[in-house]
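Engineer: Chains as they are written, first to last, in my numbering: chain A, 1 to 123; chain B, 1 to 123; chain C, 1 to 123; chain D, 1 to 123; chain E, 1 to 123; chain F, 1 to 123.
Calculated from the structure, these hints are not laboratory results.
In this text, a Cβ means the ideal position worked out from N, Cα and C, and glycines have one as well.
Among these hints, one or two may not hold up.
[Unchecked claim] Subject to a maximum C-alpha distance of 27 Å in a straight line, what follows is the list of computed DSS-like cross-link-like pairs (lysine-lysine):
(1) A/K53 / B/K53
(2) E/K53 / D/K53
(3) F/K53 / C/K53
[Claimed, not checked] To spell it out: a stretch of chain A is covered by chain B in this simulated footprint if at least three of its residues, at any positions, have a beta carbon under 8 Å from a beta carbon of chain B; those stretches are:
(4) 39 to 45
(5) 50 to 60
(6) 83 to 89
(7) 97 to 111
Protein chains: 6
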Amino acid sequence: MSDDTHEHGNSLAEFRAYRERMNAEILGESNLVLNRFFALDGRTYEAGVLDVKTKELLGLVASLVLRCDDCVTYHLIRCAEEGVSRAQLFESLSIGLVVGGSIVIPHLRRAVDRWGELERASG
Amino acid sequence: MSDDTHEHGNSLAEFRAYRERMNAEILGESNLVLNRFFALDGRTYEAGVLDVKTKELLGLVASLVLRCDDCVTYHLIRCAEEGVSRAQLFESLSIGLVVGGSIVIPHLRRAVDRWGELERASG
Amino acid sequence: MSDDTHEHGNSLAEFRAYRERMNAEILGESNLVLNRFFALDGRTYEAGVLDVKTKELLGLVASLVLRCDDCVTYHLIRCAEEGVSRAQLFESLSIGLVVGGSIVIPHLRRAVDRWGELERASG
Amino acid sequence: MSDDTHEHGNSLAEFRAYRERMNAEILGESNLVLNRFFALDGRTYEAGVLDVKTKELLGLVASLVLRCDDCVTYHLIRCAEEGVSRAQLFESLSIGLVVGGSIVIPHLRRAVDRWGELERASG
Amino acid sequence: MSDDTHEHGNSLAEFRAYRERMNAEILGESNLVLNRFFALDGRTYEAGVLDVKTKELLGLVASLVLRCDDCVTYHLIRCAEEGVSRAQLFESLSIGLVVGGSIVIPHLRRAVDRWGELERASG
Amino acid sequence: MSDDTHEHGNSLAEFRAYRERMNAEILGESNLVLNRFFALDGRTYEAGVLDVKTKELLGLVASLVLRCDDCVTYHLIRCAEEGVSRAQLFESLSIGLVVGGSIVIPHLRRAVDRWGELERASG
Numbered sequence: 001m002s003d004d005t006h007e008h009g010n011s012l013a014e015f016r017a018y019r020e021r022m023n024a025e026i027l028g029e030s031n032l033v034l035n036r037f038f039a040l041d042g043r044t045y046e047a048g049v050l051d052v053k054t055k056e057l058l059g060l061v062a063s064l065v066l067r068c069d070d071c072v073t074y075h076l077i078r079c080a081e082e083g084v085s086r087a088q089l090f091e092s093l094s095i096g097l098v099v100g101g102s103i104v105i106p107h108l109r110r111a112v113d114r115w116g117e118l119e120r121a122s123g
Numbered sequence: 001m002s003d004d005t006h007e008h009g010n011s012l013a014e015f016r017a018y019r020e021r022m023n024a025e026i027l028g029e030s031n032l033v034l035n036r037f038f039a040l041d042g043r044t045y046e047a048g049v050l051d052v053k054t055k056e057l058l059g060l061v062a063s064l065v066l067r068c069d070d071c072v073t074y075h076l077i078r079c080a081e082e083g084v085s086r087a088q089l090f091e092s093l094s095i096g097l098v099v100g101g102s103i104v105i106p107h108l109r110r111a112v113d114r115w116g117e118l119e120r121a122s123g
Numbered sequence: 001m002s003d004d005t006h007e008h009g010n011s012l013a014e015f016r017a018y019r020e021r022m023n024a025e026i027l028g029e030s031n032l033v034l035n036r037f038f039a040l041d042g043r044t045y046e047a048g049v050l051d052v053k054t055k056e057l058l059g060l061v062a063s064l065v066l067r068c069d070d071c072v073t074y075h076l077i078r079c080a081e082e083g084v085s086r087a088q089l090f091e092s093l094s095i096g097l098v099v100g101g102s103i104v105i106p107h108l109r110r111a112v113d114r115w116g117e118l119e120r121a122s123g
Numbered sequence: 001m002s003d004d005t006h007e008h009g010n011s012l013a014e015f016r017a018y019r020e021r022m023n024a025e026i027l028g029e030s031n032l033v034l035n036r037f038f039a040l041d042g043r044t045y046e047a048g049v050l051d052v053k054t055k056e057l058l059g060l061v062a063s064l065v066l067r068c069d070d071c072v073t074y075h076l077i078r079c080a081e082e083g084v085s086r087a088q089l090f091e092s093l094s095i096g097l098v099v100g101g102s103i104v105i106p107h108l109r110r111a112v113d114r115w116g117e118l119e120r121a122s123g
Numbered sequence: 001m002s003d004d005t006h007e008h009g010n011s012l013a014e015f016r017a018y019r020e021r022m023n024a025e026i027l028g029e030s031n032l033v034l035n036r037f038f039a040l041d042g043r044t045y046e047a048g049v050l051d052v053k054t055k056e057l058l059g060l061v062a063s064l065v066l067r068c069d070d071c072v073t074y075h076l077i078r079c080a081e082e083g084v085s086r087a088q089l090f091e092s093l094s095i096g097l098v099v100g101g102s103i104v105i106p107h108l109r110r111a112v113d114r115w116g117e118l119e120r121a122s123g
Numbered sequence: 001m002s003d004d005t006h007e008h009g010n011s012l013a014e015f016r017a018y019r020e021r022m023n024a025e026i027l028g029e030s031n032l033v034l035n036r037f038f039a040l041d042g043r044t045y046e047a048g049v050l051d052v053k054t055k056e057l058l059g060l061v062a063s064l065v066l067r068c069d070d071c072v073t074y075h076l077i078r079c080a081e082e083g084v085s086r087a088q089l090f091e092s093l094s095i096g097l098v099v100g101g102s103i104v105i106p107h108l109r110r111a112v113d114r115w116g117e118l119e120r121a122s123g
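Only chain A is shown next, with the shape it has when bound in the complex (with noise of 0.2 Å):
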């Protein structure tokens, strides 16, 4: 796999080790408000009367018109632990790019390229 498969320069795997870095480093600061914002984000994305896959779905569009590539693909890999389709994840991505607009673009080439890791990971 060339190097260019990753514009945005890390692999899943280093993504994945620098978020619990960091998340450790920040929660182990103690402080009342981020640490009980950190766990409200985690009951946000739980089953209710919405499945945990539609959450995620719309975890993921709403990253994805704030333009947080990040964010994005954090809600791709739990997407994809979720067996969201590659035709229903085009589908979401298609909203978010025509609520967002064209500067949706360079993120939309990133998430599908992130996808495309995440489905030869699997494969």
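For this one, chain A is given, so just place chains B, C, D, E and F on it according to the hints.
Structural biologist: Relative to the frame of chain A, chains B, C, D, E and F by itself:
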């Protein structure tokens, strides 16, 4: 119903009338790009591998985190038409709140206010 | 006081009444994520190693650059309660203007208008 | 002219009066940073290697994608003064729509509504 | 040319290669909405009552205030192809800076860096 | 120090060198608006009725909610120079997180990472 029900200053009927009148004026200009965008916007939410209800929830949460009251109103109307329940609505809004932060709260208030208006209209 | 004092269309009293009524409706839904977020939002501005006044100024400038008039109004009310001076307010707003650019100006106008309303109310 | 012409709730005359009154109050505070920013904002659109009309279109589209109705109104007034045609306006707006996405549509409606108001005022 | 020319980590050649590869993968998915959006995006900047150069400047400033480096890079390439002068570029960027504020500065730095790269490539 | 300390790909030294080099190139262009904006940006954070430390915290939180890593890095450097404590930093960041939502988290991680780098540099 007292005036302060609508902090946003216009009822659903007024929202619809204004939207239709201005859309007609925009489309009547026959600008190719604008007209194709409006047509594409309509296609985006048609049933595919994701059902219409899920797509409308995606449009709703995207609109909420981007903090566009009129877009939220539009998707709330469509969610109501598609049979989204009050509990499903609140779970979707909660994702928008956590992703977008407290800056979303005023839009959340107006969204819940609109939903009540839609419930009363269909009651 | 003439009508054009409030371009935003609602007085401080109306803002407070609407905010309280809708917050009550939202919290009454007993959605765990929403209710915890609202509780956490309250905790965020409590005194810590930073005093409440500084925290409110941080909330104000964050709200200004994100261009949320209702959030700005809320923090202006709290700043007035905490004894922020007019000169301190304008220095804080000037930082928001430079960081956020001329797109912030209409929100700056409404913020200054609100501040005058708060000064008159406490005068 | 019926009331629903102005969903945004204020006429061009009211917009101008409010803008002038609040600008005067802000500048009267003699905050160095604010005053220099306002002066700089004025200089930005003066003729240079780009003519004033092009600069106003740049300011208009920037305001549209950032979704600031008051900023859009201001640049529409200036575009009308500089002789921008209706077709030039719509092409500029179409770029803002494609770049910014469907979230821009409510602001596009109000922009087209304002333009009609400007045309009638000069007719 | 030293490494630090490209803080963004990829050369123009890499930008183009990645863009083409991912666009091909996206379009190859045959998602109707995505493909129509990409086609429409291309149409948006074609000559009309506004010339292509003006449209590219509008796309550039819109991308700058929305702070999308890849979108800025794309429009810089097109501006260079359309014969935009260095002085015209800087005036356009200055409008983006004043509208969008100091938060735009890091993107302005990278835009000016890219422009130098384009000048050297065509020199 | 391993490579993954800097997910953002550049050290503080590289950040400073790039910033200085590009600022020099921008100012060297002698564009009146750009140069005045840069001068004004510097003035914004000078001591007034608010002290420099408070102003830098305001700039930091504004940059965090607008999600500009380079702007956050700049204000972190200045906060460290002004003697902001780790606890004061985390309280400020927590306000940015609650206002801006989970979309801020990746920027929060990088901010905390940078702060560690600054602590080690001054240790």
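Engineer: Work down the list of hints and note, for each, if the structure agrees.
Structural biologist: Taking the hints in turn, this is what the structure says about them:
1. A/K53 / B/K53: holds (14 Å)
2. E/K53 / D/K53: Distance of about 14 Å is within 27 Å: holds.
3. F/K53 / C/K53: This hinted pair holds, its Cα atoms lying about 14 Å apart.
4. 39 to 45: holds (count 4)
5. 50 to 60: Coverage by chain B holds for the segment 50 to 60 of chain A (6 residues, Cβ < 8 Å).
6. 83 to 89: Coverage by chain B holds here, the residue count being 3 at a Cβ distance below 8 Å.
7. 97 to 111: It holds, with 3 qualifying residues against the three required.
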